[in-house]
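Novice: So the protein lines, in turn, are chains A and B. The first sequence begins at 61 in our numbering and counts up one residue at a time. The second sequence begins at 61 in our numbering and counts up one residue at a time.
Simulated from the structure, these hints should not be mistaken for lab results. If you're wondering where the values come from, they're calculated on a predicted model, not measured in any experiment. Among the hints, a few may not be true.
One copy or two, either will do: identical chains are not told apart, so a pair holds if it fits within one copy or between any two.
[Unchecked claim] In the EDC-like style, the derived pairs of lysine to aspartate or glutamate whose C-alpha atoms are separated by at most 16 Å in a straight line are: (1) K205 / E193; (2) K177 / D219; (3) K180 / D167; (4) K205 / D167; (5) K209 / D235; (6) K228 / D241; (7) K179 / E253; (8) K177 / D200; (9) K179 / E274; (10) K179 / E265; (11) K179 / D219; (12) K177 / D167; (13) K209 / D157; (14) K209 / D273; (15) K209 / D196; (16) K177 / D220; (17) K228 / D196; (18) K177 / D115.
2 protein chains.
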Amino acid sequence: AILAGIRAMLTVGPLSGKHIIVTSGPTHEAIDPVRYIANRSSGAQGSAIAAALRDLGASVSFVTGPASVPPPQGVTVIRVETAAQMAAAVAAALPADAAVMAAAVADWRVANASDSKMKKDGTGQAPALQFIENPDILRDTSASKQRPKLVIGFAAETDDVLSHAAAKLARKGCDWIVANDVSPATGIMGGAENAVTILSASGAEVWPRLPKDEVARRLAARIAEALA
Amino acid sequence: AILAGIRAMLTVGPLSGKHIIVTSGPTHEAIDPVRYIANRSSGAQGSAIAAALRDLGASVSFVTGPASVPPPQGVTVIRVETAAQMAAAVAAALPADAAVMAAAVADWRVANASDSKMKKDGTGQAPALQFIENPDILRDTSASKQRPKLVIGFAAETDDVLSHAAAKLARKGCDWIVANDVSPATGIMGGAENAVTILSASGAEVWPRLPKDEVARRLAARIAEALA
Numbered sequence: 061a062i063l064a065g066i067r068a069m070l071t072v073g074p075l076s077g078k079h080i081i082v083t084s085g086p087t088h089e090a091i092d093p094v095r096y097i098a099n100r101s102s103g104a105q106g107s108a109i110a111a112a113l114r115d116l117g118a119s120v121s122f123v124t125g126p127a128s129v130p131p132p133q134g135v136t137v138i139r140v141e142t143a144a145q146m147a148a149a150v151a152a153a154l155p156a157d158a159a160v161m162a163a164a165v166a167d168w169r170v171a172n173a174s175d176s177k178m179k180k181d182g183t184g185q186a187p188a189l190q191f192i193e194n195p196d197i198l199r200d201t202s203a204s205k206q207r208p209k210l211v212i213g214f215a216a217e218t219d220d221v222l223s224h225a226a227a228k229l230a231r232k233g234c235d236w237i238v239a240n241d242v243s244p245a246t247g248i249m250g251g252a253e254n255a256v257t258i259l260s261a262s263g264a265e266v267w268p269r270l271p272k273d274e275v276a277r278r279l280a281a282r283i284a285e286a287l288a
Numbered sequence: 061a062i063l064a065g066i067r068a069m070l071t072v073g074p075l076s077g078k079h080i081i082v083t084s085g086p087t088h089e090a091i092d093p094v095r096y097i098a099n100r101s102s103g104a105q106g107s108a109i110a111a112a113l114r115d116l117g118a119s120v121s122f123v124t125g126p127a128s129v130p131p132p133q134g135v136t137v138i139r140v141e142t143a144a145q146m147a148a149a150v151a152a153a154l155p156a157d158a159a160v161m162a163a164a165v166a167d168w169r170v171a172n173a174s175d176s177k178m179k180k181d182g183t184g185q186a187p188a189l190q191f192i193e194n195p196d197i198l199r200d201t202s203a204s205k206q207r208p209k210l211v212i213g214f215a216a217e218t219d220d221v222l223s224h225a226a227a228k229l230a231r232k233g234c235d236w237i238v239a240n241d242v243s244p245a246t247g248i249m250g251g252a253e254n255a256v257t258i259l260s261a262s263g264a265e266v267w268p269r270l271p272k273d274e275v276a277r278r279l280a281a282r283i284a285e286a287l288a
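Okay, chain A solo, but in the shape it has when bound (with noise of 0.2 Å):
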C-alpha cells in the first residue's frame, strides 16, 4: 500500500491524486470445505485497466478475487474470495473518485454451505443446495452515501447483449456499462481481446475488438476526462 501511494505520488498524470477502485477476478462460493461455485475470470481485463488507471497517476485500489492473471505492481491489491468479503472490501475502500467494478461476481451463494465434505448416501441423489442472493455490489456503490463521482460496471452477457446491459444501467444506478459477449463462440473469455460497448445516459458506444491492454487505455482515458 505504502510503494503503491509513493508510486502513485511519483506518476505524474491526469489522473494523479484521485483514488479508484477497480474490482477483478471471479468469486467463489463454498459448497463444503472442498467445492465451491465459481464464476469464468481470468481476471485479464480487472488488471489491465487497474494498470492503466496506475498510468495516468491514479491511486488504485484493487479488489480482487482468486484471478488466473496476477495483480499488477503499483497497486495496492485487496485479495477476496467470496461476494460478501469483495462487498466488504469495497465499502472500506470508499471514499474514492471512480470505482471500476470488473469483477465477475457470483449472484448467489449456497444458503446451506457445510463445514464437512457432503458425502454420496448412496441413492445416486446429490445434496440439496439452497442459494441466497449475494449483496450487490455495484448497486449497492451507486446507491452509497459515499458514492463515486463515476460508477463503472461490466455486464457480461451471452444473448441480448446490448438490451440486457442497457437493463443492468438502469436497474443499478451506475453511470456507464462496459458491455460484452462472453459466449463461448466469441473466445472473448480467457483470451488476449475484448470486444466492448459503452454505454451510458448519452447513449452507446461500440468499440472495435481490441487487444485488453488497449481496452484498458481508452477506458482509463475516458475515465481521467470524465473525472477532469
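Place chain B on chain A using the hints.
Specialist: Leaving out everything else, chain B in the frame of chain A:
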C-alpha cells in the same frame, strides 16, 4: 507424447517399461457459460506423483483437470475439464500397469446446465439446479476388463478420515487408498505438505507429515515394489 516416450526410454529405473496413468487437479462442471462448480485442488500432489514415477522410469499418462500447478515435464499430458471428460481420457489411456487417481473429481454435475447465462429474475430466488452423479472413475477403472494390476485411489476427507477411506477401499474395488485430512485447519489443501495414511487389504500405514514431493517419492517407490 513423443518427447515423454523418449525421456521414459532414456530413464532406466525400476519402472522402466511400465505405463502408469495419473489423474490430477480438480474438475469443473458447468452451470452455464459463465459459472461452474469446482473442487479445491491445486494439482500439487498429483504433479509430484507423476514426476516421481517418471524419475523411476515409468511412461506416465497425466490426465489433468484445470490445476494451478503446472504438469511436470516428460509425461504425456491430457487436459480435461469435466469428470466425464476425465473418465473418457482414463479409459482411452488403458491398458496400463498402474493407475493413480489423485484428481479431485466432482461427484455430481449439473443436469440442467444452461447454454445461456442464467439471470436473476427479480424474485430473489436462484434458478433451481438439478444434479446427477458423475461417472465413478476409480470404481470403473477397478472393474475394467483392462484393469491395471495396481489401482490407487485418494480419499480427501474432513472428518472420520480413516473410516471413510476404509469404506471407500471396499466400495471401489481398488488396491490402495491414500487418505488425507483436508480440513482447513490442517493447511494441507493448497499447501506444500501432506499427511497421508495408506490403506490396503493388509492394513493401514500412517506416514508422517512430509513435503508433497517426498510423499510422491515414497509412493512411487512403493508402486515400483508392487509392480516388480
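Novice: Each of the hints needs a verdict: does it hold here or not?
Specialist: Against the structure, the hints:
For the identical chains of this complex, K205 and E193 are neighbours neither inside a copy (23 Å) nor across copies (48 Å), given an alpha-carbon limit of 16 Å. For a Cα distance limit of 16 Å, the shortest separation of K177 from D219 across copies, 8 Å, qualifies, whereas the shortest one inside one copy, 36 Å, does not. In the homo-oligomer, the alpha carbons of K180 and D167 lie at most 16 Å apart only across protomers (8 Å), although the nearest pairing inside one protomer, at 27 Å, exceeds that limit. When the C-alpha separation of K205 and D167 is checked against a cutoff of 16 Å, the pair qualifies neither within a copy, at 23 Å, nor between copies, at 45 Å.
In this assembly of identical chains, the alpha carbons of K209 and D235 lie at most 16 Å apart only when taken from the same copy (9 Å versus 64 Å across copies). Proximity of K228 to D241 under the C-alpha cut-off of 16 Å is restricted to the intra-copy arrangement: shortest distance 15 Å within a copy versus 44 Å between copies. For the identical chains of this complex, K179 and E253 are neighbours neither inside a copy (41 Å) nor across copies (25 Å), given an alpha-carbon limit of 16 Å. Taking identical chains as interchangeable, the C-alpha atoms of K177 and D200 are never at most 16 Å apart, the minima being 34 Å within one chain and 23 Å between chains.
Taking the shortest alpha-carbon separations for K179 and E274, neither the intra-copy value of 47 Å nor the inter-copy value of 30 Å comes in at or below 16 Å. With identical chains, the CA atoms of K179 and E265 are never at most 16 Å apart, being 50 Å at best within one copy and 24 Å at best between copies. Proximity of K179 to D219 under the C-alpha cut-off of 16 Å is restricted to the inter-copy arrangement: shortest distance 11 Å between copies versus 37 Å within a copy. Taking CA atoms no more than 16 Å apart as the test, K177 paired with D167 passes between copies only; the shortest distance there is 11 Å, against 23 Å inside one copy.
In this homomeric assembly, K209 and D157 come within 16 Å of each other (Cα to Cα) only inside a single copy, at 6 Å, whereas the closest approach across copies is 65 Å. In this homomeric assembly, K209 and D273 never come within 16 Å of each other (Cα to Cα): the closest approach is 24 Å inside a single copy and 52 Å across copies. For the identical chains of this complex, K209 and D196 are neighbours neither inside a copy (19 Å) nor across copies (54 Å), given an alpha-carbon limit of 16 Å. Within a single copy, K177 and D220 get their C-alpha atoms only as close as 39 Å, which misses the 16 Å cut-off; across copies the closest is 11 Å, which meets it.
Taking the closest pair of Cα atoms, K228 and D196 come within 16 Å of each other only inside a single copy of the chain (12 Å); across copies the shortest separation is 42 Å, beyond that limit. Proximity of K177 and D115 under a CA criterion of 16 Å is satisfied in neither setting, with 45 Å inside one chain copy and 34 Å between copies.
Consistency note: the structure conflicts with the earlier hints numbered 1, 4, 7, 8, 9, 10, 14, 15 and 18.
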